[in-house]
Every structure is written in C-alpha cells, then in structure tokens.
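For reference, the chains in residue letters:
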Amino acid sequence: MLKLSLTRLDDLFTVIADKESLYLPVDTAVGQAQFKKWESGVKMSTALNTVRSAKDYFFPQTENIVDFRIQGKNIEIVDTRNESEDFILFGVRACDAKSFTILDKVFLAEPADTFYKSRREHGTVITLACTRPEETCFCSAFGIDPANPAGDISAWIAEGDIYFEAVTKKGADRIGIFASLLKDADDSAVKAQKEATAEIMAKLPLSGLNLKGFHADALNEKFRSPKWAELSKMCLGCGTCTFICPTCQCYDIRDFDTGHGVRRFRCWDSCMYSDFTKMSAGDPRHTQLERFRQRFMHKLIYFPANNDGVYGCVGCGRCLARCPISMNIAKVVKTLGDE
Amino acid sequence: MQEIMKKRAEELLQDGSVNRILGWKAGEFVYDITPFVFGSAEELDQGFVYNDFCGNNLSKYLVSESRKEGKILAFLKPCDTYSFNQLVKEHRILRENIYVIGIECGGKADIDKIKANGISGIVGIESCGSGFTVDTIYGRETVEKNSAFLERCTVCKSKKHVVYDELIGEDGEVLDAGRFDMVEKIEAMTTDERFEFWRGELSRCIRCNACRNVCPACTCERCVFDNENSGAASKASADTFEENMYHIIRAFHVAGRCTDCGECSRVCPQNIPLHLLNRKIILDIDELYGEFQAGEDTETCAPLTAFTKEDAEPGTVNKKGGN
Amino acid sequence: MQMNEVSEFKPKIVAFCCNWCSYAGADLAGNNRLNYPADVKIIRVPCSCRVNPMFILRAFQRGADGVIICGCHPGDCHYTSGNYYARRRMTVLFSMLDYLGIDRGRTRVEWVSAAEGAKFAATMNDFVETVTNLGENKRLGDLRCRK
Numbered sequence: 127m128l129k130l131s132l133t134r135l136d137d138l139f140t141v142i143a144d145k146e147s148l149y150l151p152v153d154t155a156v157g158q159a160q161f162k163k164w165e166s167g168v169k170m171s172t173a174l175n176t177v178r179s180a181k182d183y184f185f186p187q188t189e190n191i192v193d194f195r196i197q198g199k200n201i202e203i204v205d206t207r208n209e210s211e212d213f214i215l216f217g218v219r220a221c222d223a224k225s226f227t228i229l230d231k232v233f234l235a236e237p238a239d240t241f242y243k244s245r246r247e248h249g250t251v252i253t254l255a256c257t258r259p260e261e262t263c264f265c266s267a268f269g270i271d272p273a274n275p276a277g278d279i280s281a282w283i284a285e286g287d288i289y290f291e292a293v294t295k296k297g298a299d300r301i302g303i304f305a306s307l308l309k310d311a312d313d314s315a316v317k318a319q320k321e322a323t324a325e326i327m328a329k330l331p332l333s334g335l336n337l338k339g340f341h342a343d344a345l346n347e348k349f350r351s352p353k354w355a356e357l358s359k360m361c362l363g364c365g366t367c368t369f370i371c372p373t374c375q376c377y378d379i380r381d382f383d384t385g386h387g388v389r390r391f392r393c394w395d396s397c398m399y400s401d402f403t404k405m406s407a408g409d410p411r412h413t414q415l416e417r418f419r420q421r422f423m424h425k426l427i428y429f430p431a432n433n434d435g436v437y438g439c440v441g442c443g444r445c446l447a448r449c450p451i452s453m454n455i456a457k458v459v460k461t462l463g464d465e
Numbered sequence: 025m026q027e028i029m030k031k032r033a034e035e036l037l038q039d040g041s042v043n044r045i046l047g048w049k050a051g052e053f054v055y056d057i058t059p060f061v062f063g064s065a066e067e068l069d070q071g072f073v074y075n076d077f078c079g080n081n082l083s084k085y086l087v088s089e090s091r092k093e094g095k096i097l098a099f100l101k102p103c104d105t106y107s108f109n110q111l112v113k114e115h116r117i118l119r120e121n122i123y124v125i126g127i128e129c130g131g132k133a134d135i136d137k138i139k140a141n142g143i144s145g146i147v148g149i150e151s152c153g154s155g156f157t158v159d160t161i162y163g164r165e166t167v168e169k170n171s172a173f174l175e176r177c178t179v180c181k182s183k184k185h186v187v188y189d190e191l192i193g194e195d196g197e198v199l200d201a202g203r204f205d206m207v208e209k210i211e212a213m214t215t216d217e218r219f220e221f222w223r224g225e226l227s228r229c230i231r232c233n234a235c236r237n238v239c240p241a242c243t244c245e246r247c248v249f250d251n252e253n254s255g256a257a258s259k260a261s262a263d264t265f266e267e268n269m270y271h272i273i274r275a276f277h278v279a280g281r282c283t284d285c286g287e288c289s290r291v292c293p294q295n296i297p298l299h300l301l302n303r304k305i306i307l308d309i310d311e312l313y314g315e316f317q318a319g320e321d322t323e324t325c326a327p328l329t330a331f332t333k334e335d336a337e338p339g340t341v342n343k344k345g346g347n
Numbered sequence: 412m413q414m415n416e417v418s419e420f421k422p423k424i425v426a427f428c429c430n431w432c433s434y435a436g437a438d439l440a441g442n443n444r445l446n447y448p449a450d451v452k453i454i455r456v457p458c459s460c461r462v463n464p465m466f467i468l469r470a471f472q473r474g475a476d477g478v479i480i481c482g483c484h485p486g487d488c489h490y491t492s493g494n495y496y497a498r499r500r501m502t503v504l505f506s507m508l509d510y511l512g513i514d515r516g517r518t519r520v521e522w523v524s525a526a527e528g529a530k531f532a533a534t535m536n537d538f539v540e541t542v543t544n545l546g547e548n549k550r551l552g553d554l555r556c557r558k
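Protein chains in written order, with the working numbering: chain A, 127 to 465; chain B, 25 to 347; chain C, 412 to 558.
No wet-lab data here; the hints were simulated from the structure. Incorrect hints may have been included.
Claimed, not checked - Distance ranges between label pairs, derived from CB positions:
hint, chain 1, residue 1, chain 2, residue 2, range
1, B, Cys244, A, Asp230, 37 to 47 Å
2, A, Asp230, B, Asn251, 31 to 41 Å
3, A, Ala407, B, Asn170, 49 to 59 Å
Said to hold, decoys possible - Pulled from the structure, derived: some chain A residues nowhere near chain B, Cβ distances all over 10 Å:
hint, residue
4, Asp136
5, Asp205
6, Ala235
7, Arg245
8, His248
9, Gly302
10, Ala324
11, Lys338
12, His341
13, Glu347
14, Lys359
15, Gly385
16, Asp401
17, Tyr428
18, Asn454
We put the beta carbon where it would ideally sit given N, CA and C, even for glycine.
Go ahead and model the full structure; you've got the sequences and the hints to work with.
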C-alpha cells in the first residue's frame, strides 16, 4: 500500500491533471455534489455521493453519432466522433464502480458499442472507500463492499492520510503518474477503517434487504403478482429514477434537422416514458403499471438471468433520495420478496 | 392530527359516502412519504400517515381518480386547495366525485435541509415542539423546524382553504410573506448577470421531466415535448438552447394557471429553483393586469385568456430592472 | 437610410406579419419603393394572435438574431380581439426572455396598419439597426444549426 498526507491532496491533483484530464466530485452552489473537471483551486466534495453518477463519462447523456451534410442531391456522411483522450475519474464510490462493470456487460458484449468502448479504454477509475454510509445505502445487499471499492485503483482516507492500492493492470500502470508523491505504508489504518465501516453497514436500516426470491425461476410468479398495482399506482412516469441511476442504460437515437443536414445523435431514454420504444405498431406497454413493472423486473430478474446472476442494481440509494413520490427499488423488493 | 384524519376517513368509508381515500403512506424512513389511494380501513390502518414530511400536492391525482366509480375523499392542505380549484376551473377533475377535507398545515419539512446540517444515517425523526429530534446511527441531533421548511413554506402565501366540504383544524388567513423577494433581486441584476445566473441553474437540468409530471397545471394528455410533430420534442437537452427552451415553454404554458404550489422545485433532483421562473410570471401578471391568484375561485378567467382595451404595450417591460 | 459605417454583421430578422394589416402594410411599402434591409424575412400569419411563443423560440434557435411581431392596431383587429390576446401573451413572453438574460432589443411588437407603408419600412429599419448593434444572437441560438 502507498500513502500521501491529506494536506498534499492539491499537489496530487496538480500532478495528475498535468498528464490527463481529472474529474472528481465537487460541491455545487446548491449543496449537492457533481463530477466536474479539476482545475487549480477546486476542492473535492466531502459528500457521500454525487447526484448524477459518473456514468456520464462513459455513456454521456447526449452524444453525436454521425452527421449527414446535404448539398443538392448529394449526401455526405461525416463521422463526428472525437477521439477521446485519456482521463481519470477520482473519488468514485464502490457502488458506482460496480455499475461500470454492469454497463460493460451491455455495451461491450459483441458487437461492442465502439463509442462506449473507446471511452472505457481511455478512462481510469480511482475509487474512494465510504466511511459514513447513509440510511439510503444498501450496496451490501448486492455483494458490494463499500470499504473495498475496486475500480482500477482503490483509495482510503484514514487518519489524515490517503492510501492507494492498484487493483487492475491498468491501475498499476496509471498509478505511475503520481507514484512519485507516495510513500510506502502499512495498512493498519485501512484495516481498522474497513472494520468500522462493516459495523456501520450492519446497523443501516436496509442492511437486511433480502433478494432471495428474485431469480429466473420466479419470473412468472413475480410478473403476475397483484402487488404491482399498489406499487405503481402513484408513479408519475417522470424518469428521474432512470436518469440518476448508475446502471440504467437505455437510449434513443434521434435525428435533428440542422437546416443544412441532419445530425444523428443518441440520448438517454427512459422506460418510464409513454413513448419508450414506440414502433409503427404503437408502444408495447400502455399503462404505467406495465412500465413500472418492466423496470424492476429487468433489474431484479431479467438482467441477472442473462448475466450470471448479477443484479441490475448497485444499492446506491439515489432513487430513494430523489423520487418525487418516494417509490424505489427497496420498497419493491420488500413488497414482492419471499415471505 | 393524523389520528383524527384517519378516524374521519374510516367513518366516511364505513358509511359509504366515499369508497377511496387519497392520502399519504408511510415509507421506510420517516421522511419518504408516498401519496396513496387507500381502499379499505385495513389499508388505512397499515399505512396512513400525516406528518411534517407530507409535502406532496395530492390534487393532480384527482384527474384520473375522480373519473373512477364512486366518490373519493381527498385530504388537501391550504396550498393544495388552490390547485384543486384551478383543476375544477379547467374541467380536469369532476368536483361531484370528490369529498374534500381541508387540513391544517404548519409548513412541511425538507429532508435535504435537515441533511445539510451534516446529518446522515437517519433511523428516526420525531417532532418535538419547535424542532425535530433526529436519531441516526452516528448519534442524535436536533434541528429547528423553521430552518428546515421547504422553500415554499418559508414564504407561505395562504393558510386559508379556498375549497372544502369539511375542515379538520383551523382555517387561516391569506398571508403576505415576501415570496417575490428573490424574483425582484434577479430583476435588479444586469442582463448579463441574469444570463449567467440562469445558465448556472438551467445547465444542471437533466430533462427528467419530474417538474412537468408533478405540476398540477400540466395535465395535457399528450405533452408538446412528447409530440414528434411539435418541433420541440426531445428526450434530452442536446445543447444550451434546448436547456432553456424546455423551461421557457413550460413556464409559459402554465402562465396564469400556476398556483405557486412549489412542487416543481421540491421534486427537482438537481435543486434548480424553478419557482423563480413561475413567480416572475405571476409578479408580472399582478403588476400589469391586476392582482390574480390562480385557484382562488373556479370562476375568474385566467389572465392570458382575457384582455382589456387598456393593457400595457409589450415594450413596457423594457423599463423594468437593471440595464 | 444611410449607415454611418459599413457594418460586417448583417442580422437575420424574422417578422411575423398579420395578413390583414401589417402584411398589407409591407406590401404598400414595396409599392411605394420604400427601402428596408433584405435580411428581414416575413412570415404571413392570419392574425398576430396566431404567433405561438414556440415560433419565436424556434426562429431564434434556427439562427434569427431578432424577431418582430406586427399586427393590427389594438381595436382594429380583423378578428376583433386577436391582437389583444397577442399583446398580453407577448408582454409576458418578452418579460420572461428578459428575465433569462436575453437582450431586450431582440424582440419587439409593432402595430402597423395596411395604410402605414412608411411606418412599416421605418420600423424594420429601426429594428435592424437595433439588432445590428446588439450583435449576433449567441444566447438563444442552437449551435447545431450553424453551418
């Protein structure tokens, strides 16, 4: 393990930003944290997590795919992709880091999404262990340990120092960018923190969230449950949950008429919207109940069935905090779970 | 208060006056309240709650609920009653299918403001006089209620219920609470400062559409933003223009019909102060066309669907504010 | 009208003109050979009341630097009261745009009757000059629509 005094955090950021673009959680004027690009003077946020996850950096909300330029009867096809440069994400929490591996299963499966793949290859994820989880956290239900956040390089802030450990080969490479600032250290402070965090996790109200009934064999039973009616009744269909969720990955491809051509772009879409996957025959799900059910069936049953039991949720708790009517996956699990 | 409401609801269910109750349901933690339609006394017993976190405006659910069979009981706070009247005026809800009980409200709390004090790991919140006692896994904290009100409650415009079949608690007065102070402050900025302010706020918008979906004035069966033929349809704001356009159009579509219930700002996941856009229009209407409060009654014509021969010319707005 | 200096920037102006008064006024200006800049694109609508705020925003999105709405004089609307509604609507809209930091001079409403050819030309000249001085519309434009 390697460490650096917290007082020298700015030096660390300066050294990293010199080589590659650095993005980390920063407090906004309204008391929330968002990922922003680091520049001299920017302070890292001490908030537990950002409102939007860092998936933007691999899967941006809007992304140009191709341009068509029209001149008379000629159409020119222009590739508007800008070659990504290397960048570093700092301060990613365990839940978000796990969400990247879930998105990988979707975007990197053959045929791979080249836009996502390029960004993923250029990006290095430096995670930060949590020390003060909130009541809305339930990452442990999905086998995620906030004290061992994974990513490419893991970091822990303990007793006035920040400790680093490379996890992947890419991490071992990249740590070379700032290794000159770090000193060798024993891991006793980190071990103590991991134990303390484990104790806190056990006390969280949702630590007992039980996913036992959610597996492929239960598909029909869960699908036909009469309890979906009461769960989905007040859903506004707004899409907030899908946009702040780190694992939601649906997108739409749209054409924009620029007046002198067409710009084809993709943008996040939400399965909560009434025109989601609308086809010439109409949309497949007419009621909010069906749309609501679809989202949670996907995260809890369809996705794990197709992906070796990996659930489509990481327990980050953002939907618990931000849904206008306080409906969320934890309530769905509790209502529909096996007795 | 909660028990009185629950008891009254059970009575009305029992005697058959209503067959459903529109109220609030408790969640996992004290503050995650879900609006809910209760169909039986058991359901009420299991989940009905009325506490300092019941900020949801229930009026909009009546658009679909009042069209179902039977009568529904709706518990409405003073601000909710204005939205109710507005919806009746627009023929969006069927008044005869609703039994309105007006309920007292001393202001609702904003859990983000409580957490902004560095409080996390909440396992319980109790109301104690003028404050909250918050139990967390990291210790116990106290927070003064008036530091934790929702923004709209800090400038509450009225404790008066403008419509009810029955009241629980006291009826109050219309208040003058300075809710246009921030609007006037922005008006006094220079054009460039205003642009910077709004770019800073609206650039955070993620087009989740929560503000539109929770707004009682936005009840169009097919919204302009979901209509491919409107020219304004988009799922995401692809650039700064679209970020502005969505909010300008939405504020304009509700102009003169917005009752200033504050739900849009409460639900925004990015904490954008959307009420400042709607209040600006309300202030303009008050100044130019006479004081008007949408939802005060069900008869008065909304200002943008009326006119006088002596209305101000559009150029008059240029005389206002800084630069 | 003489310009004191040759200006590089030529603004794009969209003018919504009601068919009965202001469009006829524009026609009269043409008949009388009164000059006004060719950058003014006229869109004929049946009444100034037809103008939806979304039209104005779309004009700005697609590259307009200024938008002007011309209608009959209040009291003389061909449809009796259309321009009264338009007056209220535009007042609220312009105030909202101003509040968001869009320069005030970029939007205008002018009442021009069918007999006021000279007023039409003078209005357009004045509006073009105002918008030229304000410069290109960067705040309400859509970058994707630029060439």
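Against the structure, the hints come out as follows:
Between Cys244 (chain B) and Asp230 (chain A) the C-beta distance comes to about 40 Å, which sits within the given range of 37 to 47 Å. One distance hint, 31 to 41 Å for the beta-carbon pair Asp230 (chain A) and Asn251 (chain B), holds here, with the actual separation near 36 Å. For Ala407 (chain A) paired with Asn170 (chain B), a C-beta distance near 56 Å keeps the hint of 49 to 59 Å intact. Chain B leaves Asp136 (chain A) outside its interface by the beta-carbon criterion, the shortest separation being 23 Å against a cut-off of 10 Å.
Every CB of chain B is more than 10 Å from the CB of Asp205 (chain A) (nearest about 18 Å), matching its label as outside the interface. Distance check for Ala235 (chain A) against chain B: the nearest CB is about 24 Å away, which clears 10 Å, and the non-interface claim stands. Distance check on Arg245 (chain A): its Cβ is at least 17 Å (rounded) from any Cβ of chain B, clearing the 10 Å threshold; non-interface status holds. The Cβ of His248 (chain A) lies farther than 10 Å from every Cβ of chain B, with a closest approach of about 23 Å, so its non-interface assignment holds.
The claim that Gly302 (chain A) lies off the interface holds: its Cβ sits roughly 35 Å from the closest Cβ of chain B, which is beyond the 10 Å cut-off. Ala324 (chain A), annotated as away from the interface, keeps every beta carbon of chain B farther than 10 Å; the closest lies near 13 Å. Every C-beta of chain B lies more than 10 Å from that of Lys338 (chain A), the closest at about 19 Å, which supports listing it as non-interface. With a minimum CB-CB distance of about 24 Å to chain B, His341 (chain A) clears the 10 Å threshold, and the non-interface call stands.
A cut-off of 10 Å between C-beta atoms confirms that Glu347 (chain A) is not in contact with chain B; the least separation is 23 Å. With a closest Cβ-Cβ approach of about 6 Å to chain B, Lys359 (chain A) is found to fall inside the 10 Å limit, against its non-interface label. Listed as outside the interface, Gly385 (chain A) is consistent with that label: its C-beta sits roughly 12 Å from the nearest C-beta of chain B, beyond the 10 Å cut-off. Once the 10 Å rule is applied to beta carbons, Asp401 (chain A) is inconsistent with being away from chain B; the minimum gap is 6 Å.
Look at Tyr428 (chain A): its CB is around 23 Å from the nearest CB on chain B, clear of 10 Å, so calling it non-interface holds up. At roughly 8 Å, the least C-beta separation between Asn454 (chain A) and chain B is not larger than 10 Å, which violates its mark as non-interface.
Comparing the model with each numbered hint stated earlier shows that hints 14, 16 and 18 do not hold.
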